[in-house]
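Student: Going down the list, the sequences are from chains A and B.
Position 78, counted from 1, in the first sequence is what numbering that gives the first Met the number 0 calls 77; the numbers after and before it change by one each time, with no gaps.
Position 94, counted from 1, in the second sequence is what numbering that gives the first Met the number 0 calls 93; the numbers after and before it change by one each time, with no gaps.
In short, the hints are calculated from the structure, not lab data.
Among the hints, a few may not be true.
[Stated by the list, open to error] Among chain A residues calculated to face chain B with C-beta under 7 Å, some are:
#1 F7
#2 A8
#3 Q9
#4 L13
#5 S16
#6 Q61
#7 G77
#8 P81
#9 G84
#10 G85
Note that the structure is a prediction, hence the values are computed from the model and not measured.
Every residue gets a Cβ at the ideal spot worked out from N, C-alpha and C, and that includes glycine.
So the chains spell out like this:
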Amino acid sequence: MNIKLLFFAQLRDLAGSAVILMDIEGAPDVSDLLVTLSLEHASNPAFVAALQDPSLMISVNQQLVNKSRALNEGDEIGFLPPVSGG
Amino acid sequence: MKRIIVTPDNFDVSTEYQSLCESSPESGAVVFFVGLVRDLYDPQQRDEKINYLELEHYPGMTERLCEDIIDEANQDYPFDAVTLIHRVGKLYASDQIVMVGVASRHRENAFQAAQFIMDYLKTRATFWKKEVGQRGEHWLGLKDKDKQATERWAKPMLSIPKD
Numbered sequence: 000m001n002i003k004l005l006f007f008a009q010l011r012d013l014a015g016s017a018v019i020l021m022d023i024e025g026a027p028d029v030s031d032l033l034v035t036l037s038l039e040h041a042s043n044p045a046f047v048a049a050l051q052d053p054s055l056m057i058s059v060n061q062q063l064v065n066k067s068r069a070l071n072e073g074d075e076i077g078f079l080p081p082v083s084g085g
Numbered sequence: 000m001k002r003i004i005v006t007p008d009n010f011d012v013s014t015e016y017q018s019l020c021e022s023s024p025e026s027g028a029v030v031f032f033v034g035l036v037r038d039l040y041d042p043q044q045r046d047e048k049i050n051y052l053e054l055e056h057y058p059g060m061t062e063r064l065c066e067d068i069i070d071e072a073n074q075d076y077p078f079d080a081v082t083l084i085h086r087v088g089k090l091y092a093s094d095q096i097v098m099v100g101v102a103s104r105h106r107e108n109a110f111q112a113a114q115f116i117m118d119y120l121k122t123r124a125t126f127w128k129k130e131v132g133q134r135g136e137h138w139l140g141l142k143d144k145d146k147q148a149t150e151r152w153a154k155p156m157l158s159i160p161k162d
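If we strip away everything but chain A, and leave its shape as in the complex, we get:
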């Protein structure tokens, strides 16, 4: 299934790109996606550590979700570090 990953702020710096288009197998949820990404980027330990940081928030189609959220074809997944607006 095709999904779109969006990385913001320090996550984008660590990922090296703001957007990654991904074709992921099976019926994954958010935690499966995090495992797949961590394996694919094992050569980038700072990025893997950031993916596992408990302060990281994940959105699916611009709604915050927990890690058990199932993913669907065409979903837009946002990787959101702690916010600092205002």
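Start from chain A and add chain B according to the hints.
Tutor: Just chain B now, kept in the frame of chain A:
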């Protein structure tokens, strides 16, 4: 009236004041807050300066979250009109970053709503700020004092839904 604007462009407070007042003839009170870029990391260490801030956001999600914050403020502290402008991009010392203007019948709700909106804007809206200066480049996280500021309102912060 509810205006939410996320833009790289500067804004003019007197123009915004004028249009807020004109949109809300029933209001008897207007409160404005404007946030500016500071040039120091810490007032105690006057020798280390910030050159600029780089602000980014999640287009679409940010505007929706700002609208949620405004709607919650309006439930608890009903007001007549609001303008919220948040800038993104590269901003230098003394530049305007953010403004919230609230018009209400009486002053109490305008004060409260403006403060509520600012407190939650810092903790619940998808903006990120990078400081670039003599200490290098750093993405800022949520500050403890901002977290504490939202606690007085007894509403949840931006958080992941429970299982």
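Student: So, for every hint listed, does it hold in this structure?
Tutor: Taking the hints in turn, this is what the structure says about them:
no.	hint	verdict
1	F7	holds, 6 Å
2	A8	holds, 4 Å
3	Q9	holds, 4 Å
4	L13	violated, 10 Å
5	S16	violated, 14 Å
6	Q61	holds, 4 Å
7	G77	holds, 6 Å
8	P81	holds, 4 Å
9	G84	holds, 3 Å
10	G85	holds, 4 Å
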